[in-house]
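Chains A and B supply the protein sequences, listed in that same order. Using the numbering used here, you'd call the opening residue of the first sequence number 1 and step up by one each time. Using the numbering used here, you'd call the opening residue of the second sequence number 1 and step up by one each time.
What the hints contain is simulated information worked out from the structure, not anything from laboratory work. Idealized CB from N, CA, C, for every residue including glycine. Check the hints yourself; a few may be wrong.
Listing some non-contacts, in silico: residues in chain A with all C-beta distances to chain B over 10 Å [what the hints assert, rightly or not]:
hint, residue
1, D184
2, G284
3, G293
Partner residues aside, some chain B positions facing chain A, computed with beta carbon under 7 Å [unchecked claim]:
hint, residue
4, H35
5, Y38
6, A39
7, R50
8, A53
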Amino acid sequence: VLDDLLRRFRAGDRLALSRLVSLVARGEQVGAILAGVEGPRQPARVVALTGSGGVGKSTLTGRLIEQARQQGQTVAVLACDPQSPLSGGALLGDRFRMPARPDDGVFIRSLAAAGGRGALAEHLGPLIRLLEAFGFGVVLLETVGAGQGDTAVRDLVDVLVLLLQPETGDDLQWEKAGLLEVADVIVIHKADLPGAERVEAQVLAMLALSAGAAPPVLRVSARTGAGLAELWDAIAARPLRRGGPGTARDLLRLAQEELADRFAAAEAGRQTEVQALLGRWQRGEVPPARAGGELLRLLRD
Amino acid sequence: MTTPPLRIVLAKVGLDGHDRGVKVVARALRDAGFHVIYAGLWQTPDAVVRTVADEDVDWLGLSLLSGAHMTLVPRVLDLLREAGLGHVGVLVGGIVPETDVPKLLDLGVARVFGPGTPLDDIVAFLRQPREVSRA
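So here's chain B without its partners, still in its complex pose (with noise of 0.2 Å):
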């Protein structure tokens, strides 16, 4: 049997209004077999894991430029966890400094992906096969 299509949601939480980066990792990740749920800007925490509940997808990710990650990231992992969801990955993309990228992967974020990250090494991450285990 083939395996069915890894399903993706892509988010903007908070108050950050550019989406040119997030619509170009969709496309890429679509042209590479994904299902990519696109769920907008100006998402609340609450609205993006309810999203990812109701999709039953491996993977969000959070596209944040706004400088807000440290703040609004832990709320959505907190949020997941709380909602059943941990088994889901969380990947965060765009502008991070250098030093919250450690501070991210320990609250558990798996990657963190910043400019110019080639959008063949994205997809190559989300293919590796994970260990995932299901409230």
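In isolation and in its complexed conformation, chain A is listed as follows (with noise of 0.2 Å):
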């Protein structure tokens, strides 16, 4: 079945892609797909909007497709929400604040991020492997509304667009300190409100604090699409991130998707010395001091 759906999506077909986006989203034959549909091809400009719930990351996301198609390009969308930690499921609603037209140079798919992960969903560095490889130039990537710190999707994407809003003032010089640190373009967003100049004027003044090069700071208004064609224009004038020489941390990260992997797949299969070290552990039978590393060694090649 694997081998078919390959095929169909190296022929472009729009149902493989979708069928193996859930595949990929849910950890199952990861490595067999990527190596199934990997080729040398132009490499996506893979976008990030991040920032507190409410702020218009749905809504700007939906601009942006717009603005990226004028320019005839492609786009893919991973929209995430949080998940209920209580019962695992999960309302999805942010692509309903974008485009509705039905456009085959758009693929917009929504994703259930579960608590503790941070603000992203699982497996996103696949999946933005997946899309790049079925020729999206723009892959967008929605988080579940970033708080402090939560900066790991840095390490995904090559452009980190933070959204702010008017009335978030107060808070802001505590609450989004890292955030302001790995963002590659700052938008002022809902800019057509008052205060947006306060909220700038706040974020330049922090920016001036900091050492190296600051990031654009720019108003844009999704309602009346002021400012949309310059933050795109930042967007595109950003150098490509991914795909460079990599840093000690995104190695880190490869050997944990990888050890993540390893662990459900020995799980799903039984593999019997990991069964029993899981039965003793959830017996308390193991001290928390040794249990990751015993793991660490059944799960060695």
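Build the complex: two chains, separate frames, hints provided.
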């Protein structure tokens, strides 16, 4: 079945893409899928939008889709929303703020982000590579609504866009310090509302305190359209960060993904030694200080 | 292995601006562990089918309070089949006269839920195992 899906994917079949996205999002057969689809091609520009809930990430994502389409680029969107820690259910309501007209150049997938994993769904790295392999020129990633220090997303993308809005000024410097540091572009969103200039001034003042080149700060309103073209230009002007030589952190992240996959496979495949360790762990017979190391030894090649 | 959560698209098709009911259903399904993609109001049949394709869902729930169900639902069903999405189960909710219910079921709708349906009935129905053969 997988071979058939991969063949259809390579022929540009959208339903095959959709099925493969589901498999990768669940962490199933990720290695085989990526090996089956990847080849040399134009790298996509991967852009993440982050910021607290209600700041307008979905709406702005929708407007950026339009900007990219006007420039003749195809767009894939991964929209993350939180998953209930109690039921595992999720209400994924991002795409209804995006253009509804069917367009072959636009693919939108809603993903649930489990609690405790930060602002992102799992397996986003492989998902981005899958969409890139299908040939999308732009991949837009919408986070759950990031908070303080939720900066893991930066490692996955070329351009991290942070959205702020008026009347968040007072706690700005405390809550957003971590995000301001890693943002590549800062958007003062809802700039048609009063107070936008003040937030902008506060951000600029904070950026002036930090060393190094400051990211561009733009006032944008998805409602009026003001600043959208400038935002798209700023995004397009950033150099592609992915694909270059990786950092030590990239290497660690790849190893972590590999480890999670191996553990899932061992658990699903009822590998006896792992099962035995799991049983002892659940009965409280293995001290935490030793358990992790034992698992690592069992999951070695 | 645990089974992955069922995914469902909920949408309002056509000129029908009343979304309270569908939002109550969305919330109930979320609380029951479903992944619910809410596609929103005033959707065209084409747009709904594209959403179903891109979201790779098990179910599509259409909410209609406008009286246009005998026009819009068959159109959505046709487009689903044309798109190779005949395996997706379709539910209809809202105001549907009793005489139209068997017609919709004949066309391929899995179930019609009217006003006053206990939310648990919808959850239980969706959780029943189905035979699915994908295109």
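For G293/A, is the shortest beta carbon distance to chain B beyond 10 Å? At about 26 Å from chain B, G293/A clears the 10 Å cut-off, so the statement holds.
Using 7 Å as the Cβ threshold, decide whether A53/B counts as touching chain A. holds (6 Å)
Would you check whether R50/B satisfies its interface hint, that is, whether its CB is within less than 7 Å of any CB in chain A? holds (4 Å)
Over 10 Å to the closest beta carbon of chain B is the bar; see if D184/A clears it. holds (27 Å)
Is the interface hint for Y38/B satisfied, with its Cβ closer than 7 Å to some Cβ of chain A? holds (5 Å)
Holds or violated: H35/B as interface residue toward chain A, Cβ cutoff 7 Å? holds (5 Å)
Check the non-interface label on G284/A: least C-beta distance to chain B beyond 10 Å or not. Correct as stated: the minimum Cβ-Cβ distance to chain B is 23 Å, above 10 Å.
Does the closest beta carbon of chain A sit nearer than 7 Å to the beta carbon of A39/B? Where the cut-off is 7 Å and the nearest Cβ of chain A is about 6 Å from A39/B, the hint holds.
Of the numbered hints stated above, none is contradicted by the structure.
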